[in-house]
Structures are given as structure tokens and as C-alpha cells.
Amino acid sequence: MKRSMYDADWTTRVRWAALPLAMTVAIQSFAADLDTLQARGGIRVAVADEAPYGYLDENGEARGAGPDVARHVLGEIGIDDIEWEVTAFGDLIPGLEEGRFDMAAAEMAIRPERCRRVLFSAPNTSYGEGLLVRASNPLEINGYQDFTERDDIRVAVLAGATQVDIMSALGVPDDRVVSIDDNAAAIDTLLADRADAYAGTGLTVSQLDAQHPGVEIVQGFEDPKVKGEIVRSWGAFAFPKDATTLRDAFDEVLLDYRNTQAWEDTLEGYGFTQDDVLNAFRFDTDWLCRHQG
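In this text, residue positions in the sequence shown follow the working numbering: the first is 903, and each later residue adds one.
Rather than coming from a laboratory, the hints here were simulated on the basis of the structure.
Glycine residues also receive a C-beta, built at the ideal position from the N, C-alpha and C atoms.
Keep in mind that the hints are not guaranteed to be accurate.
[As the list claims (entries may be wrong)] Per label pair, the in silico range of CB-to-CB distance:
hint: 1; residue 1: LYS1127; residue 2: ASP1090; range: 25 to 35 Å
hint: 2; residue 1: GLN1121; residue 2: LEU1180; range: 17 to 27 Å
hint: 3; residue 1: ALA1037; residue 2: ALA941; range: 49 to 59 Å
hint: 4; residue 1: ASP1125; residue 2: PRO1014; range: 33 to 43 Å
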């Protein structure tokens, strides 16, 4: 990973982790200052290494719907030097709160409980759910509701991801839910029989399906419903709570960019469907922070 203008060496970064709370808050405010970031021309942006949302390719370059759009928008507001930080999905919000990142480009779903901890941009993507199972689906798993109704199957979910809340809302018992730290562990978790399915977004499970012949996507997947509504997520960029000026400047460019063919081509290039693209405009962030989930 490339060396940042924010730290002289790795030892310095490790020492930061041990700073007292008051100094951590000061660092968070410093990191969120738009004028400072523009003057420096650089920013720390976190991804969860999850294709196609935000990940590093084989050359260590940031790719995905989040990084590609972020790169354009940040360039428009005068920030060209991006240090990409890879972290576990469940560490994205704590990292923003503690000032370790200036923003996250992981297409994190906008949810009320998350809105209480971070600021979200306007929606950048929209996506539905999916299930990954062992090849040939030997246990005939069709949808999320199966884990509520059957006691012979277990589902793996990414720690901190939306699927944790979905399973809880559906009433899936805790002993049928297996938490994993990253999507890369999903295939091994299934093949080692530690879980019988992996619940993720449709795009995520499609990416995993292509990586190993021993797993496959559930065909005829039944979309989950919570309180009578089909579950769909709206992904956005996330910022520390005090980064209002940065978020607002980012949004001003993003809202215009969403009306271009270039933005649409970027999303479709990563597997988002036309329906996904159109759904990105369905709700704004304020509404999702009040109602989604």
C-alpha cells in the first residue's frame, strides 16, 4: 500500500491508535476539515475489499463503484491524492469515528442506526439481496425465510453488514447465524460446512459464485420481506459526523454526476442492472435515515 502524506512511517500510525480520547477527537476534526484536505490535496479513503463495491485489484489499485465515483468527485473538489485504506467492513464506522479515515467508499447501505454515527452522501447505488450455497444446493435453500422456518440450516453473514439486521428482523435465531469477518471467507465457510449458505447482496454473491466451482447462487431466490416490504439497500459514501463541509461539497458534485452517462456506465460496468441504476434515485438520504431498515 502506498505511503501516505499523513504518516511518516508505520510506527507512527501504530502510535496513533493508542492516543487518548481527547486527542483522537482532535484528529477526527482535523481529518474532516475540507479546507485542510484541499490545501493538502490528499485524503484517506477506506474500502472493505468487497467487489464490486470497493476493493483493491491485483495491482493494488482501488476499483469498484465506490472508488471509481469517489475518484471523479474528489478530483472535482480539488482533492487528487487518495490513500486507499483496506479494513474489515465492521471497522468502517469505528474508523471514521476515531479519525483513522476521512471517508469510506464501500457503498455502505444507508440505515438509521448508521446515520446516528456517520454522515452519508446522496445514494450512489442500489442493490438487492442474494444467497450463496454449496454447488447443486443440496439442502434446497431458497431464501432468507428458510433460516427462520428450518432448524437444520445455518447462514453466514458479514460482521457489521446489513444482512445481520435483516436476519434479526426476520426472527432468525442467533444460533443459526454464523459471523465472518470478510467476504473472502464465505466460500471456505461453506465448503468447510461451518454454514450452509452465505447471505449477501446479489452482486456480492455473483462475484463469489464466479470464484469457485464448489459454490453457486440460489436460483429462483426469494427476496426477503421485512414488515411487508421487499428488502433493498441504498449504498453511499460515509464521512465522520463533523465532516459536514466535506460531505456537502462531495454531494454537490455527486448529485450532478449521477445525471451523466459516465456515472451510469461506471455502475453498469461493475454489474449493476438498469433497475439498480434507476432505483438509486428513488429516495434521498434524509428519507433513508428516517425510514430505511
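Going down the list of hints, with the structure as the test:
1. Checked against the given bound of 25 to 35 Å, the beta carbons of LYS1127 and ASP1090, roughly 30 Å apart, stay inside it.
2. A beta carbon spacing of about 25 Å between GLN1121 and LEU1180 agrees with the range 17 to 27 Å that was offered as a hint.
3. At roughly 54 Å, the beta carbons of ALA1037 and ALA941 sit within the given window of 49 to 59 Å.
4. Our hint of 33 to 43 Å for ASP1125 and PRO1014 is violated, since their Cβ atoms are close to 21 Å apart.
Hint compliance for this structure: hint 4 alone is broken.
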